[in-house]
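Asker: For this one, chain A is given, so just place chain B on it according to the hints.
Residue numbers (the working numbering), protein chains in the order written: chain A, 1 to 115; chain B, 116 to 229.
None of these hints come from the bench; they were simulated from the model.
All C-beta atoms in this analysis are idealised placements derived from N, C-alpha and C, irrespective of residue type, glycine included.
Where hints are given, some of them may not hold.
Computed spacing ranges between beta-carbons, pair by pair [said to hold, decoys possible]:
(1) B/ASN213 x A/SER27: 19 to 25 Å
(2) B/MET198 x A/LYS57: 24 to 30 Å
(3) A/SER62 x B/ASN156: 24 to 30 Å
(4) A/VAL12 x B/TYR154: 20 to 26 Å
(5) B/SER185 x A/ASP63: 39 to 45 Å
(6) A/VAL12 x B/GLY177: 38 to 44 Å
(7) A/ASP63 x B/GLN157: 29 to 35 Å
(8) A/GLN83 x B/ALA168: 21 to 27 Å
Coverage of chain B stretches by chain A, computed from C-beta distances (three or more under 8 Å per stretch; other residues unrestricted) [as the list claims (entries may be wrong)]:
(9) 150–161
(10) 215–223
Chain by chain, the residues:
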Amino acid sequence: GAGVSQSPSNKVTEKGKDVELRCDPISGHTALYWYRQSLGQGLEFLIYFQGNSAPDKSGLPSDRFSAERTGGSVSTLTIQRTQQEDSAVYLCASSFAGGGVETQYFGPGTRLLVL
Amino acid sequence: AQSVTQLGSHVSVSEGALVLLRCNYSSSVPPYLFWYVQYPNQGLQLLLKYTSAATLVKGINGFEAEFKKSETSFHLTKPSAHMSDAAEYFCAVTGSSNTGKLIFGQGTTLQVKP
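Isolated chain A (complex conformation) (with noise of 0.2 Å):
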């Protein structure tokens, strides 16, 4: 079947711009991460969910960043009046069930850049 797929593979956008990133995981997958991989920061935690819910958020990095999940499926992540900083590659990923053991599945990314 097909894998993590995210839309669009690049975007470009003026500071101050809201920007929404999607995120298909793959079908059955309950459990969805969203990651943040930048040059100074490494790859980073963002939030999960489990189904249509978010137990952790904690790595979202200010309230200008939120994200939902509907139909247990697709997932947003929207990102309100960006800045330069927000450039990054935002990489999204799915398992079966989530929990430690599960392996994660990981899309290609969406490259944002921030002028």
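Answerer: For chain B alone, coordinates are given in the frame of chain A:
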């Protein structure tokens, strides 16, 4: 809190030589440990994982890693490097056994010289 340290941001080997990428972890609970590989402009792909079964874990593409609790290490090795192994490698530990969120090391870029 869990953390991971990868020693060496860049490693260069000759084709056919041994590959050794170092990873040390810190965890207050028995850890689950992972090695992922990232090729340019792609997502991460799992190479192997340690989940408290065998301490020597074999993965894809001829890679293996050994969990050493006494040394808090999980180094990645491959006996003979191929040009296609050139990529960035990330070691990760589970930050929460409930959620499975991953804590990553800073990554090691492997260069393979002909």
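Asker: Each hint needs a verdict: does it hold in this structure or not?
Answerer: Going through the hints against the structure:
The hinted window of 19 to 25 Å between B/ASN213 and A/SER27 holds, with their beta carbons roughly 24 Å apart. Restraint check, B/MET198 to A/LYS57: a C-beta distance of roughly 42 Å breaks the suggested window 24 to 30 Å. One distance hint, 24 to 30 Å for the beta-carbon pair A/SER62 and B/ASN156, holds here, with the actual separation near 27 Å. In this structure the supplied range 20 to 26 Å holds for A/VAL12 paired with B/TYR154, their Cβ-Cβ distance being about 23 Å.
The hinted range of 39 to 45 Å is satisfied by B/SER185 and A/ASP63, whose Cβ atoms lie roughly 44 Å apart. Look at A/VAL12 against B/GLY177: about 39 Å separates their beta carbons, and that is inside 38 to 44 Å. With their beta carbons about 31 Å apart, A/ASP63 and B/GLN157 fall inside the hinted range of 29 to 35 Å. Our hint of 21 to 27 Å for A/GLN83 and B/ALA168 is violated, since their Cβ atoms are close to 44 Å apart.
With a threshold of 8 Å between beta carbons, the proposed coverage of the segment 150–161 of chain B by chain A holds, since 7 of its residues qualify and at least three are required. With 8 residues carrying a beta carbon less than 8 Å from a beta carbon of chain A, the segment 215–223 of chain B meets the three-residue requirement, and the given coverage holds.
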